[in-house]
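Hints given; two lone chains; assemble the complex.
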Amino acid sequence: MRVKLLYHTDVEALKRVLAQRGVPFDPELLMDHVVYMFEIEDCSRVTTHQLVRHRAVSYDQESQRFSAATREGVVTPPNIQSSEAAYKAYDEALKAVYSSYEKMLAAGVPKEDARYILPSAIKTKLVMTLNARSLMHVVWQRTALQAQWEIRELATTLQNLAKEATPELWTKIIER
Amino acid sequence: MKVSLVWSSPMPERTIAVAMRRCFSTKVIEEIESELEQKGPEYWKYLLTKALQDKSLDVLEHFTMTLSVEGAGEAEMGGLIRSFPYLRASLLKGTDWLLSMNARTLVELWRDPRSKEFAGVVVSELESRNVCPMFNALAFGEKVHAS
Numbered sequence: 683m684r685v686k687l688l689y690h691t692d693v694e695a696l697k698r699v700l701a702q703r704g705v706p707f708d709p710e711l712l713m714d715h716v717v718y719m720f721e722i723e724d725c726s727r728v729t730t731h732q733l734v735r736h737r738a739v740s741y742d743q744e745s746q747r748f749s750a751a752t753r754e755g756v757v758t759p760p761n762i763q764s765s766e767a768a769y770k771a772y773d774e775a776l777k778a779v780y781s782s783y784e785k786m787l788a789a790g791v792p793k794e795d796a797r798y799i800l801p802s803a804i805k806t807k808l809v810m811t812l813n814a815r816s817l818m819h820v821v822w823q824r825t826a827l828q829a830q831w832e833i834r835e836l837a838t839t840l841q842n843l844a845k846e847a848t849p850e851l852w853t854k855i856i857e858r
Numbered sequence: 063m064k065v066s067l068v069w070s071s072p073m074p075e076r077t078i079a080v081a082m083r084r085c086f087s088t089k090v091i092e093e094i095e096s097e098l099e100q101k102g103p104e105y106w107k108y109l110l111t112k113a114l115q116d117k118s119l120d121v122l123e124h125f126t127m128t129l130s131v132e133g134a135g136e137a138e139m140g141g142l143i144r145s146f147p148y149l150r151a152s153l154l155k156g157t158d159w160l161l162s163m164n165a166r167t168l169v170e171l172w173r174d175p176r177s178k179e180f181a182g183v184v185v186s187e188l189e190s191r192n193v194c195p196m197f198n199a200l201a202f203g204e205k206v207h208a209s
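Residue numbers (this note's numbering), protein chains in the order written: chain V, 683 to 858; chain E, 63 to 209.
Next up, chain E with everything else stripped away, as it sits in the complex (with noise of 0.2 angstroms):
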């Protein structure tokens, strides 16, 4: 199977900042991004870090990417729509599909050892397209390269 990005959301890790920070700020959006700028990628890190460790995974979901993936069977391709509804999937032609998520799907597809591998090809395209290093980092650590 061969996974291949074919776009995702502009600045994901400041995306998913922005949606922690609408939460709790009562600023109008272009104060959160101004802020958020001034402050740096260190402090859109140390957001993303509490976002996981407090589980909250909702923030996520404001990053999207569609992919284009080959060689996938129907029968492989509806296994993994079954179990995560939020994963969009279009048949193209043959074995191509169009495949779309977001970033809370993945870290979900992640964590279940049924669909991990299939993570662990999407994160590595992530990784090779330099979309969300940071992201990749926290979410997912090294366990990226051993799988």
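Chain V with its partners taken away, still in its complex shape (with noise of 0.2 angstroms):
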């Protein structure tokens, strides 16, 4: 998986406008204000359908309708890959889906309706732009413990690139 910052609101600019009206800088009111538009690319559409769950965020995905899918392009979960058994039974029902779905797109059937048979394991990108109070919840909900473990990678790296590039902000939305 790979997560790229693409842009974020300058925070410096809103403290401007609190400092010329004297209102002290607080995170709680400019979360609303904070915006981060990020890339992300080869995470699954198992963590996708998790992600987009979160309501208040923009998002663009790569869509299946106009991109054929590839056998190369899907995530394994370690348990999977740690097991041989479990592996040889996930690579074989991957190789006959991905059989299926070449002999269905060279029957003529177009790449939208052939993609009813791709598993959600296939690796997909997207962009997505939301608030610091967004994202707050994204991390507060997919860091936890019980959260899976690839939305966990990713919300944890979400997180991470939102403190580096607004350290205060982050800081002490972390400290409450």
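Hints listed in this document are in silico derivations from the structure and should not be mistaken for laboratory results.
The structure presented is a predicted model; accordingly, all values stated were derived computationally and were not measured.
With a Cα cut of at most 27 angstroms, we get these calculated DSSO-like pairs of lysine-lysine: (1) V:K785 - E:K89; (2) E:K155 - V:K697; (3) E:K117 - E:K178; (4) E:K112 - V:K793; (5) E:K89 - E:K117; (6) E:K64 - V:K697; (7) V:K686 - E:K89; (8) V:K777 - E:K89; (9) E:K89 - V:K805; (10) V:K686 - E:K101; (11) V:K793 - E:K117; (12) E:K89 - V:K793; (13) V:K854 - E:K155.
Next comes the structure, spelled out in structure tokens:
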């Protein structure tokens, strides 16, 4: 998985507006106004199904209607990778699925219909724009121990990138 | 009421184009960005025009802005926030607000007769700062000056 911060709001510009009005810096006040745009690549659709449950966020995701899927583009969970028997079953199932997918495309079935057979393990790419309040919600929910490993990895990376870009805001949020 | 732009997404039209290409491309983001740079603003304009024509306004949500609003009462601002849930407003002092929205919300504000006047003030501010001339021309056209 790869995550890149494409842009974020300049917190200093917002702080100047507060200072001009004699309003002290308060991260709670700015959380609705500091926005981040991320690119997320090569996470599974299992994870993006979980991610899009977070509502006040803008997503645009690679469409399977227009791009053909490949056998190489899947995520293998560590619990499957670490078991020879499980990996064999996983690999066999994927081979069968992709073979059927390619046969359907060859038979003239449009990608948008052939995709119905594709696995949730398939890798995807998306852009996501959200404010600090929504990101905080993603981080709190999805870095919890009961969250699944892949979205936990994603949420931790999002948090680290946001902290690095806007340290003052996130230090105060985490301290609360 | 006085509206001043505090901050907006860098290269708004290209940001919208990136989001649009993300839906249709398997390329990594750097390749999409490089493709958009190579093809230039005319191509961004083509994508933006297509998004507006097809009513694919979701891609506009990645262009965001924060404004300082002076002289707006709580009733006035409350009415806007209730009608447009993606609008974020924080009262700073008296009748001064910090207001954040994305470009989709701005288009929706513009299309609603109840909020069109306010949207016109925001668009005029964006125009005066030359923030997104291509977006303004395509989304609002000459109507901004007539309002």
